[in-house]
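Work the whole structure out from these sequences, hints included.
Here is how the chains run, residue by residue.
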Amino acid sequence: MEEPLDLIRLSIDERVYVKCRGDRELRGRLHAYDQHLNMILGEVEETVTSTEIDDETDEEIVRKQTRQVGMLFVRGDIVVLLGDI
Amino acid sequence: MIFLSFFKTLVGKEIAVELKNDVVMTGTLHSVDQYLNIKLLNVKVVNPDKYPQLVALQNCFVRGSVVRYIQIPPEHVDTELLQDAARKENAPAK
Numbered sequence: 777m778e779e780p781l782d783l784i785r786l787s788i789d790e791r792v793y794v795k796c797r798g799d800r801e802l803r804g805r806l807h808a809y810d811q812h813l814n815m816i817l818g819e820v821e822e823t824v825t826s827t828e829i830d831d832e833t834d835e836e837i838v839r840k841q842t843r844q845v846g847m848l849f850v851r852g853d854i855v856v857l858l859g860d861i
Numbered sequence: 462m463i464f465l466s467f468f469k470t471l472v473g474k475e476i477a478v479e480l481k482n483d484v485v486m487t488g489t490l491h492s493v494d495q496y497l498n499i500k501l502l503n504v505k506v507v508n509p510d511k512y513p514q515l516v517a518l519q520n521c522f523v524r525g526s527v528v529r530y531i532q533i534p535p536e537h538v539d540t541e542l543l544q545d546a547a548r549k550e551n552a553p554a555k
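Sequence order for the protein chains is A and B.
Taking my numbering as reference, the numbering of the first sequence is continuous, increasing by one, and the terminal residue is 861.
Taking my numbering as reference, the numbering of the second sequence is continuous, increasing by one, and the terminal residue is 555.
Derived from the structure by calculation, the hints contain no laboratory data.
Keep in mind that a hint or two might mislead.
Far from chain A, some chain B residues (derived; all Cβ distances over 12 Å) [what the hints assert, rightly or not]: (1) H491; (2) F522; (3) R529.
BS3-like cross-link-like pairs, simulated, lysine-lysine; straight-line CA separation at most 27 Å [claimed, not checked]: (4) A:K840 with B:K481; (5) A:K840 with B:K511; (6) B:K469 with B:K505; (7) B:K500 with B:K511; (8) B:K549 with B:K511; (9) B:K500 with B:K481; (10) B:K469 with B:K500; (11) B:K511 with B:K481; (12) B:K481 with B:K469; (13) A:K840 with B:K500; (14) A:K795 with A:K840; (15) B:K549 with A:K840.
Cβ coordinates follow ideal geometry from the N, Cα and C atoms, glycine included.
In structure tokens:
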């Protein structure tokens with residue numbers, strides 16, 4: 777039987793894209809996960825997107841901040857989707 | 462239970478816990494339970510100017526559900542062991 781989670785099993789030791797709550801995106805190597813989508817990622821790049829409104833022009837300014845983390849445990853309840861890259 | 466076993470191997474190691482309210486604290490992992498609640502010793506808040514009320518903390522308990530990330534020193538992680546455990550734990554039902 778093939779379940780959605782079986783697909784993620786094929787991504788172990790592959791680089792994956794994880795979209796998280798709070799406009800956060802992660803890219804990293806998937807080392808482990810469980811049924812809650814708790815995960816351990818290696819060589820992670822986290823991108824946090826924030827928008828501000830320019831007071832004068834009323835235009836939206838989109839700012840992306842990225843940082844690198846060597847090894848990261850991600851709690852499953854913030855995960856929105858997971859994809860191959 | 463893969464992550465419970467994993468975090469038990471990290472007891473005594475220095476980790477950084479980022480909470481869903483953006484607080485980041487570092488400390489020595491003392492213990493962990495099935496909910497991934499954790500107890501940290503020698504806690505330091507990474508941004509003390511923003512959270513002065515947390516500066517006095519020495520030891521603390523963190524409810525698992527409020528954790529966003531836990532940063533782990535990569536040298537303490539056997540990635541091969543972890544991947545094998547994950548494949549076994551998530552083996553498809555027959």
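Results for each hint:
1. H491: 17 Å, holds
2. F522: 16 Å, holds
3. R529: 6 Å, violated
4. A:K840 with B:K481: Judged against 27 Å, a Cα distance of about 19 Å means the pair holds.
5. A:K840 with B:K511: 22 Å, holds
6. B:K469 with B:K505: OK: B:K469 and B:K505 at ~21 Å, within 27 Å.
7. B:K500 with B:K511: Status holds; Cα separation ~22 Å.
8. B:K549 with B:K511: Violated. B:K549 to B:K511 sits at ~43 Å, over the 27 Å cutoff.
9. B:K500 with B:K481: 17 Å, holds
10. B:K469 with B:K500: 12 Å, holds
11. B:K511 with B:K481: Distance ~15 Å between B:K511 and B:K481 Cα, so the pair holds.
12. B:K481 with B:K469: Holds, because 23 Å separates the two Cα atoms, which is no more than 27 Å.
13. A:K840 with B:K500: Between A:K840 and B:K500 the Cα gap is close to 33 Å, so the pair fails against 27 Å, i.e. violated.
14. A:K795 with A:K840: 14 Å, holds
15. B:K549 with A:K840: 37 Å, violated
Comparing the model with each numbered hint stated earlier shows that hints 3, 8, 13 and 15 do not hold.
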